[in-house]
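So the chains spell out like this:
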Amino acid sequence: DPKIIQKPKYLVAVTGSEKILICEQYLGHNAMYWYRQSAKKPLEFMFSYSYQKLMDNQTASSRFQPQSSKKNHLDLQITALKPDDSATYFCASSQETDSNERLFFGHGTKLSVL
Amino acid sequence: GEQVEQRPPHLSVREGDSAVIICTYTDPNSYYFFWYKQEPGAGLQLLMKVFSSTEINEGQGFTVLLNKKDKQLSLNLTAAHPGDSAVYFCAVRVTQVVGQLTFGRGTRLQVYA
Chain A
2 DPKIIQKPKY LVAVTGSEKI LICEQYLGHN AMYWYRQSAK KPLEFMFSYS YQKLMDNQTA
62 SSRFQPQSSK KNHLDLQITA LKPDDSATYF CASSQETDSN ERLFFGHGTK LSVL
Chain B
665 GEQVEQRPPH LSVREGDSAV IICTYTDPNS YYFFWYKQEP GAGLQLLMKV FSSTEINEGQ
725 GFTVLLNKKD KQLSLNLTAA HPGDSAVYFC AVRVTQVVGQ LTFGRGTRLQ VYA
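So the sequence lines, in the order shown, correspond to chains A and B.
First residue of the first sequence? That's 2 in my numbering, and the numbers climb one at a time after it.
First residue of the second sequence? That's 665 in my numbering, and the numbers climb one at a time after it.
Just to be clear, a hint being listed does not mean it is correct.
As a list, the in silico SDA-like pairs of lysine to any residue whose alpha-carbon atoms are at most 20 Å apart [what the hints assert, rightly or not]:
| id | chain 1 | residue 1 | chain 2 | residue 2 |
| --- | --- | --- | --- | --- |
| 1 | A | 111 | B | 762 |
| 2 | A | 10 | B | 705 |
| 3 | A | 72 | B | 769 |
| 4 | A | 42 | B | 743 |
| 5 | A | 42 | B | 747 |
| 6 | A | 8 | B | 707 |
| 7 | A | 41 | B | 702 |
Quick caveat, the hints were computed from the structure, so don't treat them as lab data.
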């Protein structure tokens with residue numbers, strides 16, 4: 002059973018619209034992250050949350066807003082979508098007491114903006 | 665900021681041969697270094713975390729070498745088998761934030777019988 006669930010797996014949106022990417026983890030971790038992988042770039046860090054609080058926001062614009070309604074949820078709201086937002090978005094989690102800093106990744110949501 | 669170059673992007677080896685993937689990074693203040701493996705249809709999985717320079721770290725069927733002098737990280741899959749076929753990513757942590765990693769572009773490894 003997947004321990005990190007991302008929904009949907011595929012998503013098609015029109016330019017200017019708004020979408021929410023869902024992420025739930027059932028590993029009991031206290032830290033969650035969003036990463037993005039586009040065709041032109043390697044996997045890029047976007048956000049880090051610890052105990053539902055934003056720890057770091059690396060370069061993501063204000064159109065990208067993480068939302069943590071529960072400890073094991075970290076959704077990603079994207080507004081005013083642009084074709085350049087097309088990418089696969091990966092959610093990840095970790096346990097801060099893990100000395101190996103192991104990140105557990107979901108399978109990703111592939112977003113295509115037309 | 666930190667940049668990580670990973671090569672080769674594609675690698676095809678015969679079963680039993682070794683496969684070497686190399687990453688070079690730019691920031692000399694990088695703290696920790698990681699190798700991740702992504703099998704088809706699955707999320708990334710951690711293979712190893714290293715932080716000691718010029719130390720060979722051995723895992724199950726692979727070794728990792730970190731050379732901080734040359735800012736190079738390598739993964740050597742010894743005696744590769746078809747189950748090793750996957751995409752391998754190196755990653756570097758530069759900041760104090762756990763989980764904030766800079767990834768290489770990945771190497772798609774194909775091991776054929």
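The hints, checked one at a time:
Distance restraint check for residue 111(A) and residue 762(B): the Cα-Cα separation of roughly 25 Å exceeds the 20 Å cut-off, and the hinted pair is therefore not satisfied. For a cut-off of 20 Å, the pair hint linking residue 10(A) to residue 705(B) stands: about 11 Å separates their Cα positions. Taking the CA atoms of residue 72(A) and residue 769(B), the gap is near 31 Å; set against the 20 Å cutoff, the hint is violated. A C-alpha spacing of about 31 Å is found between residue 42(A) and residue 743(B), which places the hinted pair above 20 Å, so the restraint is violated.
Of the supplied pair hints, the one linking residue 42(A) and residue 747(B) is violated, its CA atoms being roughly 27 Å apart against a limit of 20 Å. Restraint check for residue 8(A) and residue 707(B): the C-alpha separation of about 14 Å stays at or below 20 Å, so the hint holds. For a cut-off of 20 Å, the pair hint linking residue 41(A) to residue 702(B) stands: about 19 Å separates their Cα positions.
Comparing the model with each numbered hint stated earlier shows that hints 1, 3, 4, 5 do not hold.
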